[in-house]
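There are 2 protein chains.
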Amino acid sequence: MTARFQFDIHATDGAARTGVIKMQRGAIRTPAFMPVGTAGTVKAMLPESVRSTGADILLGNTYHLMLRPTAERVDRLGGLHKFMNWDRPILTDSGGFQVMSLTQLRKITEEGVTFQSHLDGSKILLSPERSMEIQRLLGSDIVMSFDECTPFPATYDEAKTSMELSMRWARRSRDGFNSGEDHAARSALFGIVQGSVYNDLRFRSIDMLADIGFDGYAVGGLAVGEGQETMFKVLDFTMPRMPGTAPRYLMGVGKPDDLVGAVERGIDMFDCVLPTRSGRTGQGFTWGGAINLKNARHKDDTRPISDSCDCPACTQYSRAYVHHLIRAGEILGAMLLTWHNLQFYQDLMASLRQAISDGKLTAYANEFRARYGAGDIEPL
Amino acid sequence: MTARFQFDIHATDGAARTGVIKMQRGAIRTPAFMPVGTAGTVKAMLPESVRSTGADILLGNTYHLMLRPTAERVDRLGGLHKFMNWDRPILTDSGGFQVMSLTQLRKITEEGVTFQSHLDGSKILLSPERSMEIQRLLGSDIVMSFDECTPFPATYDEAKTSMELSMRWARRSRDGFNSGEDHAARSALFGIVQGSVYNDLRFRSIDMLADIGFDGYAVGGLAVGEGQETMFKVLDFTMPRMPGTAPRYLMGVGKPDDLVGAVERGIDMFDCVLPTRSGRTGQGFTWGGAINLKNARHKDDTRPISDSCDCPACTQYSRAYVHHLIRAGEILGAMLLTWHNLQFYQDLMASLRQAISDGKLTAYANEFRARYGAGDIEPL
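If you read the sequences in order, they're chains A and B.
Residue numbers for the first sequence follow the working numbering, beginning at -19 and rising by one.
Residue numbers for the second sequence follow the working numbering, beginning at -19 and rising by one.
Simulated from the structure, these hints should not be mistaken for lab results.
Warning: the hint list may mix true and false statements.
The list makes no distinction among identical chains, and a pair is therefore deemed to hold if it is satisfied within one copy or across any two copies.
[Said to hold, decoys possible] Straight line, CA to CA, 27 Å or less: simulated DSSO-like cross-link-like pairs of lysine-lysine:
id	residue 1	residue 2
1	279	62
2	274	2
3	340	279
4	340	87
5	140	274
6	87	235
7	235	213
Please build the complete structure, drawing on both the sequences and the hints.
Next up, the structure:
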């Protein structure tokens, strides 16, 4: 029988590692990028298409799903995997971040966060216990503990107060998770490090989480407007303190060069809406940088978005066609470009895993950055 | 070498026929339903998915494509088939119908129709010669002659004047088509019968078209608000007069029961936006009738849209999931429901072809109507 949760590191290169997380629903090759399936769907993609890009795990959003179709309904319908036709691992967030960023009239207390549903105006409490219950009802494989994502910028005192609340909630998350016995026997719980940009707060947060004990450790409170330089600085002092044998997850990151820099610093897992959201607004990722397919320079271009990409958008269609679809507001434009962007992200992760295995990550990362900054191919 | 255009009727049953149109890009089984690929895409579908439903031919819209990306650009990019990745036959309409229904400030003269582009405000003339040129540039397999779709209702005099203009335009369409020699050697030209609800006008139109000579004959000026009863009455007197050995195409039709009744009256080809458009608004077709997936009755329903359907929406997802996607405005909802609806239409056409082959069309049609009127399955 497959282990509940086992992380095997196959190779390291500097601070970076590559390996496999083994879970009952499947293996997750790390460093891993998790496409975001907000409301029970990776937008504009069939799940078999997401899988074909190389994704081993998806992310689902507790906040969206608890409001619609509701966690209880997903449970009655057989769980999120069956509902959305994805039988591999799913990580769910705790809902906390989106309650804070998407709702009005919210109120934080020691108990949790109270907010108003944008769908029917009802008043809802999201607490560590309720978040664990929702994630259990969804059938999540990797459950995230409920925390407060400290806004940026935050004063030291604000960051300290916020981090300490998150640590009390982390303990309650662990207890809540454990109480769902059947689910806890099959799934994993990750803690989330807070502390903003302050070394000692991050260290205290890590130590408190390690004391509670989690299967993996996420770095929270980044990718919230601090910029890449600050983000990397925080990782530089945070990562060496993180438990070495557990997966490290950088939440909500990021742009391709963010991923490369974070992998160099020892991150194992990522999620971000960027490849999917960009696919709906005309932005496509290439090894020469991100390009805007809406731009008139593509309208007569018979070449693919990326000539080294195996996705259907690149093997079967021209830039001119994708440009036309995006300009005409056609759904197929979002479908093709989303597919391409997810393929690009998974290809990048596969390259990073290979580079770490080969002990050539620094060279790979430098080459990536040089090329990625060089810009798009010349117009025809 | 495959014939340019050959229609073999394999079986008849009453006025209905089933057979195959052979063209260089592939065979078209009749009666055939052509999904509409307005702007170079069947909305929300990959072309291989459209093909998987059983579609042998698509329809493209001259009006949309001439404005964006323009016929000249499609030609430079290698033609519509290559542009949109569909290597089987494509029928293009003449643009006339949509100029009249979609544009402002249009003016009809003997020369053609002048209108203003909604994209850049430029003044454009669409004439029989220009329509033939555009359809040639697109690389259309079945070209439609340029006509005026007589509005409904029309007085006898209005219908007569309009029909006679269309017949002069049909002659100019034939001449324009023939002048594109290479293209004419590979493709087919259909004439369009007009004459509104008036027997003798329809007869004169048929005779004038037959005198010019076309590969197929379409019935135009129907599905424009006259209702099914009137449409069937017009077909009842029109169809017996139509050339017997050429395909007969009922333009812009229709609902499933419209298709069944028109096949019984001898129609071989159809096109309609209904299955694709409905797929984007929550309407799904079942053998018990059309259902609205937005309806709350589906929110906990673990059953497929149709238990006899092999499409991915029905084999991999519940009504509850499709309901959720449609309610949440998710693109995947449009993707799945469009796919299902196109599968339903192609399954219906396959059933009709089989019933004609078996000499059991009347029984099949009566059973279809009884079941289609009976309504959806009982709620769980």
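To see whether the hints hold, each was checked on the structure:
For a Cα distance limit of 27 Å, the shortest separation of residue 279 from residue 62 across copies, 15 Å, qualifies, whereas the shortest one inside one copy, 41 Å, does not. In this assembly of identical chains, residue 274 and residue 2 lie within 27 Å of each other by CA distance neither inside one copy nor across copies; the values are 41 Å within and 39 Å between. Proximity of residue 340 to residue 279 under the C-alpha cut-off of 27 Å is found in neither arrangement, the shortest distances being 39 Å within a copy and 52 Å between copies. For a Cα distance limit of 27 Å, the shortest separation of residue 340 from residue 87 qualifies neither inside one copy, at 49 Å, nor across copies, at 69 Å.
In this homomeric assembly, residue 140 and residue 274 never come within 27 Å of each other (Cα to Cα): the closest approach is 45 Å inside a single copy and 47 Å across copies. In this assembly of identical chains, the alpha carbons of residue 87 and residue 235 never lie at most 27 Å apart, being 32 Å within a copy and 52 Å across copies at closest. With identical chains, the CA atoms of residue 235 and residue 213 are at most 27 Å apart within one copy only, with a shortest distance of 17 Å there and 62 Å across copies.
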